[in-house]
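Residue numbers (UniProt numbering), protein chains in the order written: chain A, 1 to 434; chain B, 1 to 298.
Worth flagging that the hints you see were computed from the coordinates, not collected in a lab.
Where a beta carbon is used, it is the ideal one built from N, C-alpha and C, also for glycine.
Hints may contain errors.
[Claimed, not checked] Where chain A lies over chain B, by a calculated footprint (3+ residues, C-beta under 8 Å):
#1 136-143
#2 212-218
[What the hints assert, rightly or not] To list a few chain A residues with every Cβ distance to chain B over 12 Å, as calculated:
#3 E85
#4 G99
#5 D126
#6 D184
#7 E194
#8 S313
#9 E314
#10 A322
#11 N329
#12 L343
#13 D348
#14 G354
#15 Q367
#16 S370
Letter by letter, the chains look like this.
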Amino acid sequence: MRKHGLLPKTLAGAAIAALALTGCRGDGGGGGDAEADDAGSGPGVSSDPCPDAVNEDNGCITLGIITDLTDTFSAVAVPLTEAQEAFWQRVNENGGVGGFDVQLVIADGEYDPQATSQRYQEMRTDILALAQALGSSQVMAILDDMRDDDVIAAPASWNSAWDFESLIVESGANYCFEAMNGVDWAVAERGEIESVMAIGYPTDFGEDAAYGAEAAAEANGLEYTQITTPTGQDNQAEAVSRIVQDDPDLVVITAGPTETATIIAGAASSGWEGTAIGSSPTWNPGLLQSDAAPVLEERYFHLSPWGPWDYDSEGHAAMQEALGDVTPNFAYVMGWAWSYPVLAVLEDAAEMEGGITRENLVEAAEQLESVDYEGILPEEAGLRAGDPSETAYRASVINRVSPDAPGGTELEQDLTVGPTAEAYDYTGPCAALD
Amino acid sequence: MTTFAQAVLSGTAQGAIYALLALGFVIIYKATHVISFAQPALMVIGGLFSYHFSAVMGWPFWPSLFVAILLGAGLGMLIERLALRQMVGKSVFTMAVITIGVDVVLRVLANRYIGADSRVMRYPGGGERYEFLGLAISHRQLTILAVTLITVVSLALFFRYAKAGLAMRATALSQETALAQGVRVGAIFALAWAIAGGLAAIAGTFIATGSGGSEQDTWIIALKALPAIIIGGLDSLQGAVIGGLAVGIVEQLTAVYQSTYLPFLGTNFSLVAPYALMLVVLLIRPYGLFGTREVERV
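Produce the entire structure from the sequences given, and follow the hints as far as they go.
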């Protein structure tokens with residue numbers, strides 16, 4: 001959002017203008033010399049160096065980012081995007097990929113399907129692929145166009161539908177498995193759990209996690225209820241009231257950080273003493289400054305598909321070095337980790353006949369067998385070739401709030417597949433996307 | 001019964017914030033006959049003033065709030081002087097549209113400051129809670145109620161006894177007559193905006209001390225003052241207070257009871273409830289519970 005309210009739009013506009021001025025855009029397959037065509041061609045691929053090329057001898061690949069710089073998830077999306085900028089800068093500094101440097105075109109989709117679609121239309125002829133497409137219904141709004149264009153995308157969401165969509169190169173366990181693992185963990189570690197309430201936005205995001213929570217509740221013989229809640233800290237009275245009335249032992253929240261803190265603190269202040277687990281986007285270290293911090297520290301646990309900021313892996317260390325002096329935030333880890341499959345697909349496509357093209361990227365994504373996440377996730381987490389019921393990665397981590405830890409959370413349980421997720425018959429997305 | 005009383009208590013605390021905002025709307029309306037749509041931005045910026053002094057500069061909470069009120073008042077006067085004074089005499093619709101523009105500009109500036117993270121202001125009472133007769137109330141809620149009460153009583157005394165307050169009441173009755181009696185109407189306009197800016201700063205500060213702090217979309221909270229002023233009556237100060245409290249209480253009661261007794265209304269009907277109440281009030285008293293009935297000679 002907001003760290004760069006107008007700045008990102010300005011920069012994005014400037015970047016697009018620079019693209020037009022410098023001619024660093026696709027030739028539509030018709031331009032470029034023979035050598036360039038061997039390395040790659042088509043929209044978003046140029047044999048000319050990028051405007052700010054790290055390697056002057058390299059060509060230029062343009063990747064698009066449609067994120068949320070100004071709306072509901074901007075607190076997450078801005079650092080997420082900064083991490084992706086740092087990731088691709090590091091790729092360039094390491095020599096690029098397949099003889100190309102990578103440049104990014106960043107646009108604000110405002111967490112809105114219509115705005116996301118509009119941003120995609122503006123960049124669709126200029127990009128090779130999307131290095132980030134934020135949201136679930138937002139991605140659905142552009143998916144048909146992406147199919148028409150043979151454009152792959154790294155999602156900035158963990159919807160289970162992505163396991164069944166060849167153009168989306170996802171990373172980590174989805175909201176559905178994450179919720180299953182969270183409920184299983186709580187049953188094992190948080191005392192007697194007999195009832196579960198799922199609270200989420202009335203969106204694909206909320207529905208996906210709620211489906212996983214319900215599946216785990218059923219597998220563990222728990223009483224299950226589900227409610228939806230809107231955005232806005234002033235609109236959580238009903239969610240708080242329902243928790244206080246039903247008094248569930250476990251609450252599974254799929255909302256933004258503000259709503260999460262308001263709900264948990266509000267319910268706790270009215271006497272609720274249960275445990276809360278929240279999907280990846282529910283945490284923001286800024287919550288440590290709120291009056292909800294003591295309650296969150298005591299009874300809120302953050303579910304995530306990979307380890308927090310200070311997790312011990314080469315990838316985390318590389319991210320911290322690339323980002324430099326920033327305030328630790330899990331959103332950085334999200335953006336960084338999501339970029340690895342795109343890099344892997346680019347590297348694989350570079351080895352294919354015709355080099356880096358949109359069509360080869362699609363083929364490489366479908367055949368992806370492993371991704372080097374530099375230890376953030378195991379390589380097999382990148383497996384996409386095959387039936388999703390066999391290939392989908394199901395392990396996730398549990399973090400606890402720790403004011404002293406960088407990013408405000410520390411690892412409670414490392415990558416683990418709970419019994420519900422392990423046994424789950426994954427023949428289709430948990431919550432169908434319209 | 002305890003559940004009901006608890007819902008009323010919690011709703012009253014939330015409604016107190018709406019009441020402060022509603023008072024700002026009404027004071028400007030009474031003085032200038034313009035509905036100021038800049039109140040959301042004034043609320044957010046007032047909260048950010050407090051946040052900056054408290055969280056960034058390390059000032060204690062109360063001095064931060066006090067200076068934020070002064071700055072909020074100053075900002076209100078500045079808006080009136082720069083954007084609205086020249087438009088005196090133009091249609092109130094034109095002036096209302098100008099306040100929308102002011103609101104947008106100020107919120108863009110505020111959002112530049114807020115950035116990506118929410119700006120959460122640490123409240124000195126922390127999460128401390130008190131229980132009385134089975135009812136729980138937090139230190140923060142209690143403070144909101146106390147501050148609102150002190151503010152409302154102070155305003156009532158101001159309008160009843162202070163010379164400037166009397167001048168404001170005279171201006172509200174008839175600008176031309178007030179002018180003829182030597183009242184500096186322009187200064188009264190500025191004073192109205194100053195009071196509204198200060199009230200918005202108080203509301204914004206207490207919102208910033210909430211669990212979610214102040215975010216880029218926090219301004220939406222201020223819109224809940226709109227049903228409050230319609231319910232209470234656009235030109236009634238006591239109506240603004242009662243309307244604000246009514247919105248908070250109705251919201252809370254609906255959140256607690258609707259899913260049990262009126263489940264067919266669906267989830268989150270509590271968001272709609274204040275507007276439903278507003279429609280009911282408009283059907284019975286089109287000028288609001290305490291508003292002045294408009295009489296036109298035909």
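Okay, the hints, checked on the actual structure:
| no. | hint | verdict |
| --- | --- | --- |
| 1 | 136-143 | holds (count 3) |
| 2 | 212-218 | holds (count 6) |
| 3 | E85 | holds (14 Å) |
| 4 | G99 | holds (35 Å) |
| 5 | D126 | holds (26 Å) |
| 6 | D184 | holds (27 Å) |
| 7 | E194 | holds (21 Å) |
| 8 | S313 | holds (25 Å) |
| 9 | E314 | holds (27 Å) |
| 10 | A322 | holds (19 Å) |
| 11 | N329 | violated (8 Å) |
| 12 | L343 | holds (25 Å) |
| 13 | D348 | holds (34 Å) |
| 14 | G354 | holds (40 Å) |
| 15 | Q367 | holds (37 Å) |
| 16 | S370 | holds (33 Å) |
Checked against the numbered hints above, the structure breaks only hint 11 and satisfies the rest.
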